Amino acid sequence: MRRRMALLGLLAPPMVWLGVAYLGALAAIFATAFWSTDPFTNQVVRTWSLKNVQGVLGPTYLGIIGRTLLIAVLVTVVCILVAVPFAYFTARVAPSRARPILVALILVPLWASYLVKAYAWRTMLSPGGVLESVLGATPGFGLTAVVLTLTYLWLPYMVLPVYAAFERLPESHLEASADLGAGAGMTFRRVVIPAIVPSVAAGTVFTFSLSLGDYIAVQIVGGKLQVLGTAVYQNTTLDLPFAAALGTVSVLVMIGYLAAVSRTGALENL
Amino acid sequence: MTKLAPVAAFAAAALALAACGGGTASTGSPGSGGTSGGGGTANAPFTPPKLDKLAALGTPEGTVNVLAWPGYVEDGTNDPKVDWVTDFEKASGCQVNVKTFGTSDEAVQLMRTGQYDVVSASGDATLRLIAAGDVEPMNTDLITSYKDIFDSLKMKPWNSVNGVAYGIPHGRGANVLMYRTDKVSPAPDSWGAVFDKAGANKGAVTAYDSPIYIADAAVYLMATKPELGITNPYALDATQLAAAADLLKAQKANIGEYWSDYTKVVQAFKAGSTVLGTSWQVIVNLTAAEKAPVAAVLPKEGATGWSDTWMVATKSTRKTCGYKLIDHLVSPKTNAAIAEWFGEAPANKLACQETADKAHCATYHAEDEAYFAKVYYWNTPIPQCLDGRTDVACTDYATWTKTWTEIRNS
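Chains as they are written, first to last, in numbering that gives the first Met the number 0: chain A, 0 to 269; chain B, 0 to 409.
Keep in mind the hints are simulated off the structure, nothing from the lab. All values derive from a computational prediction rather than experimental measurement. Accuracy of the hints is not assured; some may be wrong.
[Said to hold, decoys possible] Calculated cross-link-like contacts (lysine-lysine; reagent style DSS-like; alpha-carbon spacing at most 25 Å):
1) 52/B x 223/A
2) 116/A x 269/B
3) 153/B x 348/B
4) 248/B x 299/B
5) 223/A x 182/B
6) 223/A x 263/B
7) 196/B x 223/A
8) 196/B x 373/B
9) 251/B x 263/B
10) 224/B x 401/B
11) 201/B x 263/B
12) 251/B x 80/B
13) 98/B x 314/B
14) 52/B x 155/B
15) 116/A x 263/B
16) 314/B x 52/B
17) 153/B x 332/B
18) 290/B x 80/B
19) 146/B x 348/B
20) 223/A x 357/B
21) 80/B x 357/B
22) 401/B x 223/A
23) 373/B x 223/A
24) 196/B x 248/B
25) 52/B x 50/A
26) 251/B x 314/B
27) 248/B x 223/A
Excised from the complex, chain A in its bound form:
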């Protein structure tokens, strides 16, 4: 009995935090989406209406949701394309003395402030910035700049799980594959890829969800680009219930995404 009480005492604070502060807030957002605002004072008026949901499903906002999904997918794909070769090199090719240094190099950017990194990209992308003086051209502020910046920001979250997967991959599996007559390509397709897919999927949970909700980097390097995050941010001061309705969209998208990813077994690899 005493052990039960102790367990209860131990679990109660995190449960209260999860239940009230976290899920409670989500529920409040969901409820707010069905309220409206006073046209003059902008105050939230608690009368039930479906107006906000209809607004979100209009062509303007469906376009924004589509654009945001496109950015999230692009960032995720570029992150995979960069992270997989790098993680492979680090885990299996580089001499074991160099590995900690390479991993540290990937982790170093995480120590710098998000804002500093986003503003650094803003400076690099500006006319006369590093990109223009070295490469002769800059994409300017906009969709390309956002994909570049977000890829840079979230890359470590993709490299780390994939690196771990490559490290875990037993050498004997590769040897067995070679012994059975498979070439390098066949081994990669049939042995390596199945082994790292769950980790890549785990990495995409980070890159996809972080890109989906980002609004600060978009404000800094996105020019006049509107994504879900900036639309929510703008509406928090203009029309809070509508912002809540928009915010619910990203929650729903993420629930769908997590459901799909959990089928790959990736959630055990987080």
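Since chain A is already given, all that's left is putting chain B on it; use the hints.
Quick look at chain B alone, frame taken from chain A:
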């Protein structure tokens, strides 16, 4: 440069909503019904909640939380030489915490969190705050400098309701057209440079990111399309609003970035990613101080502008410090310092003798009512047309907000 994480902001807002069960019952549902409480003026189409003004000052509470436009309350953190807060803190015993905002909408929203004691509100925020009961009537007798404030700024439709003062005038000015002198030639003298002729600087034009910017398009249309019959840029009927929206949608093709964060627009002008657009004089000064070749002009069509008001939060528990700070900010010396730093006309007439540049009041037309007749102070659009028309319904701020979101997302 303070940005909240979206989740935290939401959680806080949502919890606040859920927690204060029915605490903010709005009385008189402003703007929605036809019950006009106003008398002869186009003032007050609503009945503000009955609130008492502060009767007398008490003991200073030790701190005061200020919500201010950037540049209004400088404590030396931006520039050690620009500081009119430290001395006040020593003399009054009130520690001053400043939070700046970029748009009136942000100010209204932040004010509703209940964390702030005083706010510098523009005309497009004041009535919303008064109607919702967020701010209370002001006891002007407790402000020693009130007698020295220009009479032309006192008891105006944006700082009083039915003869009750709700705040202390701070200063006024016009939004200017800012440009890079090395990249824009000839020098612009018309808002046409950011509208009809914006294509010349495609991708490097900026605009203010708030629904109130629709009024800037309306000011331009007043001059260029008189057949629309716009006489007040805040009193637009459906046709006039549609014309302004079309102009802004066409402008969007040439916009590089919209701004509401003043540090970002300073950086954009300095880097040259933005070369032309609407701005504040303080932004021009800050960019010029960073050695960027910029200048500003008040275009021939006139401009939107502001006449700001210091107000006290109803729920504030630090009103003595709030009143003391406001009195300090509108006192001749401080008011002069702010007016010069921000680039606006002071509210206190004695401030004109305290400015470092003795011509400041003349340059900024502090006493020139004819000049300010061409400056359209930010105001909250309401269904009752502010220009006095009674044959049509005007578009309210909620409609402006929707229109603006459409423009931004088009």
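**OP:** Provide an ascending list of the numbers of those earlier hints which the structure does not satisfy.
**Re:** Hints 1, 12, 20, 23, 25, 26 contradicted; others consistent.
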